[in-house]
Amino acid sequence: MMAPGTEVGEGDRDYRLTLPAKSSKKPPPELSEGIRVRGLVIVSFWAVVIFLGLPVWLWTTSIHRARLPLQEMLDWADGKACKPTFPLQIAIEAPLLQDAEAAHLVHMTQHALDDLNEFSAHHLRLRLAKSLSSPSRRNASIPESQDLDIGQVFQSYEDLDDRDDSALTVRLRAQDGIQAARSALQSHSTILDVAYAPNQIPSVSSSSSALATFIANRLQELFAEEQAIIAYILSQSAAGIQSTSHSPYVSPATASGSREIRSRPNRLINPEMAARLASRMTRSLKYAPTYHITMSLFTPSASPSSWQIESALAEYLTPLLDSISAVSNFTVDTQVQLYATFSPSVHAPEHDADHGVWTLQEEDLSGFINAAEWPLSPSIGAGPTLNFVLYVPDQTTSPLVVKGSQASSWLIPQWGGVVILNAQDANTTSVGSTLSKEAIRPALLTFSHQLLSFLGAPQTPPSLPLQLQTLTRIRAASLLLSASSTMGSLARLTVALPSIAIPETVSTAVDTTLSHLRYTCNALKEGKFPEALENARIAEAEAERGFFEKSMVGQVYFPDEHKVAVYLPLLGPVGVPLIMSALKELKRMWASRKAQ
Amino acid sequence: MKLSHLLPLTLLPLVTHAHHTSNWAVLVSTSRFWFNYRHLANVLSLYRTVKRLGIPDSQIILMLPDDMACNPRNAFPGTVYNNADRAIDLYGDNIEVDYRGYEVTVENFIRLLTDRLGEDVPRGKRLGSDAGSNVLVYMTGHGGNEFLKFQDSEEIGSWDLADAFEQMWEKKRYNEMLFMIDTCQANTLYKHFYSPNIIATGSSEIDQSSYSHHADNDVGVAVIDRWTYYNLDFLETQVTSPTSKLTLGNLFDSYDETKIHSRPGVRWDLFPGGEQRGRERLVMDFFGNVQEVEVEGGAAGNETEWREDLRRLEEIVNRARARGNVTEGQAGKKNEGPAETRLVQNRSIGKGRAGGAAKVEAGEAWGQRILGAGALLGCALLWGGAWWLEASK
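Protein chains in written order, with full-length UniProt numbering: chain Y, 1 to 596; chain Z, 1 to 393.
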């Protein structure tokens, strides 16, 4: 390339020497060789930019977004994918009845129940049970051999143990000398004893029976609270969908996203009931696989300085914890804090001379716990902590009660419970500075009562095993809904924030969640509640893991002008010559083509 | 009570007041270096106030990017004051700083809000709020139009904050939120918020500076900002106990532009019910930790019942233990086992996958290297080819 150039230069000089007067000179015609080389140079530059630069740029700046089954996730969140149903099996043992009579009675009771039931998702299914108990225990010697299914769903259960699957067993017994039927729920088991007058047995041909109606009413009554709770949970989530699905597409002004407005009236629940349920729901803790229970003894003075908490726990609390371990696990730790003073901003207890007691204002109770100084947040492990505080007031301000109600215990929603143990109750059984097991028994019983309400257990029916079963169903339902709504949130965020990366782990977590949600839904439909809960727990854990994936942080939002500001200094100096040369070359090619 | 009779009745509209069940405070200073003493004093003052009003340390996230108390230039080592009278040592001996020094970054702040933190991060460094929590977010530092600087090295934008809050709302991590910011052009920072139930307030309009209140000549620098000073003035003198019934309306009405030297702003439109309902919210709903307490009657009536229940429970448990494997108590206990092990298995699978993912990343890095080498080789070949072409002439 150099050689022709110099030649041109020399020729140029000669030319100028011969024609000095001519002011505008024209460059000599380019050699075709030079034009070709220049073309190649430009093309090669462009090739590098297009085939190397652009892909590298796109590749390095692209955000990895794993594919998520968005529509399915939204369907779950909107409740389209699963309509949870809660078919409860109730076994009826009627050892003294003929098969046909018993079947007829069950049939009629089922009819009466269906008429009573307003909430189709939760229904009771009766069936005649095989008798499992020994004949001697039941004063009956006619074992039922026939297992008669009333509901259509229960074919699959025939091979299973009846007693374990049924939520409740109704035991019918004839009793002479009573006019109307009577029933008694055994509070330590899931058996409802119904005593009836022998003449109340409906004949096979009759179409109505007082006994059947009685049983139906009684059953409906037993499960009414559970139904109301489940209906409330379902309606809450339905209302929640309305208010959360707004964002971020609709302007906030039109979408009244408040969770307050969410509590839409449900046909099933009257306002009074809804308010009660709402307060219970706010009180109860969010589900966690493990809860920590902290038992604390606070005293403003030096005594009591110890308590027989271990043996008391073993006796009063551990059985309860063991029986609810199907729902959640618990760890318990205890502490004693001496010289624990009130927060300075709280009103000191006032002396009530009329009753001879010291009183606390009810509105001061929320400030009773001196959060700044009492060490109540041990931050142990991952689960939430439930605090139970036993406060032993000083001799000088004892007995200490709440003004008005004279109560000495209260409950702080989602936080824990407080019991004031007044000296005269304690001293009777305390030795020295140690609180005996007996002295703290009432407090521990209150705590265990509070614990159940923190977990969201219903107050009726008055049988603990039944309450625990109900708790299983409630937890399964609320976990199903919360995992579903997490899926919806994740799906909406994925769409709304295109700048955050979505790693594969999220996608697998979503898949696991969805499959376990399906299991849960099916298990609920089939009435296998423990299995449903188990799957719902996994679904919830996976959903949380997916949503809170560590690498999914939309860390910095770049407005477009920022991008321009970043790229312009870089691309300007490079881009201008590239584009200009390309344009020039194109122009030349176009001109030369025209000339031809 | 017969519930079944009550069930069909109801079609009344039902708007219950949503009570919050916990309070959280996120207090952030974003600037380091000695001359920004006042920003740390701002945050520590707020910390002291919310703690005084009852929010426990476990529910306060305090982010301090520098340690003024131990700064060698501090004439009063170990202390931080927010007033020239030096009446209150803000640093004290009972203070829990959750994020300190270089931990205060935009990334950590956003991770904190959205809870995208590793499993190894302790609970004290997490915002554990839920659908029933009222959250107070207070930020102070140096900012500009729609951004706030973090540590002189990065910045958080209004959009980043808005997106983080939206993620919080989506995951039901707050019930109501009060966002406060004291910086220059502060009101621009909440401009892009779009999630509901947020009340936002800032110290100054766009193109306005936010000024410091006064300097302490012995400390040598300004000790507090004006807007924060007058907020504190209100909180310290008027909100004296957790039972205070003063509202946010009272607080915002107390702002005096002639004293603050800038125009504070309040944004109500995200709050349901707008300004009217927002103004009725108690100051204590955000700065304190007042919950609805449920007082229980004497437990005497329950006690016998409960003793019975517990005795029976004990029986049930004992029976279940005795029977070992076949019955109802076990239906609970046994199912527990598989669920847990499956969870554990899943976790370990998850971990395995995380390891796998890292390896894949390593593979990607190799791929990138190969690609780079290939590109270089290609360039070399091209050059060689061109040279050969030319030489062959």
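I should point out that these hints are in silico values taken from the structure, not numbers from a laboratory.
We put the CB at the ideal spot given by N, CA and C, even for glycine.
Take the hints with a grain of salt, since some may be wrong.
Here are the simulated lysine to any residue pairs, SDA-like style, with alpha carbons at most 20 Å apart [what the hints assert, rightly or not]:
| # | chain 1 | residue 1 | chain 2 | residue 2 |
| --- | --- | --- | --- | --- |
| 1 | Y | Lys286 | Z | Asp115 |
| 2 | Z | Lys172 | Y | Trp59 |
| 3 | Y | Lys550 | Z | Arg126 |
| 4 | Y | Lys550 | Z | Phe234 |
Covered stretches of chain Y, as calculated for chain Z (at least 3 residues, CB under 8 Å) [to be verified]:
| # | stretch |
| --- | --- |
| 5 | 279 to 288 |
| 6 | 341 to 354 |
| 7 | 399 to 409 |
| 8 | 412 to 420 |
| 9 | 492 to 501 |
| 10 | 536 to 549 |
Hints, one by one, checked against the model:
Taking the CA atoms of Y/Lys286 and Z/Asp115, the gap is near 16 Å; set against the 20 Å cutoff, the hint holds. Restraint check for Z/Lys172 and Y/Trp59: not satisfied, since their Cα atoms lie roughly 35 Å apart, outside the 20 Å limit. For the given pair, Y/Lys550 sits about 13 Å from Z/Arg126 by alpha-carbon distance, which is consistent with the 20 Å threshold. Of the supplied pair hints, the one linking Y/Lys550 and Z/Phe234 is violated, its CA atoms being roughly 40 Å apart against a limit of 20 Å.
Counting residues of the stretch 279 to 288 of chain Y whose beta carbon lies closer than 8 Å to any beta carbon of chain Z gives 4, which meets the minimum of three for the stated coverage. Coverage of the stretch 341 to 354 of chain Y by chain Z holds. Counting CB-CB distances below 8 Å, 4 residues qualify, and the rule asks for three or more. For the stretch 399 to 409 of chain Y, the stated coverage by chain Z holds: 6 residues have a C-beta nearer than 8 Å to a C-beta of that chain, and at least 3 were required. Counting residues of the stretch 412 to 420 of chain Y whose C-beta sits closer than 8 Å to any C-beta of chain Z gives 4, which meets the bar of three, so the coverage hint holds.
Coverage of a stretch by a chain is defined here by at least three residues with a beta carbon nearer than 8 Å to that chain's beta carbons; for the stretch 492 to 501 of chain Y and chain Z the count is 4, and the condition holds. Note: the stretch 536 to 549 of chain Y has 8 residues with beta-carbon separation from chain Z under 8 Å; the three-residue rule is met and the coverage holds.
In terms of the numbered hints stated before, the structure departs from hints 2, 4, listed from lowest to highest.
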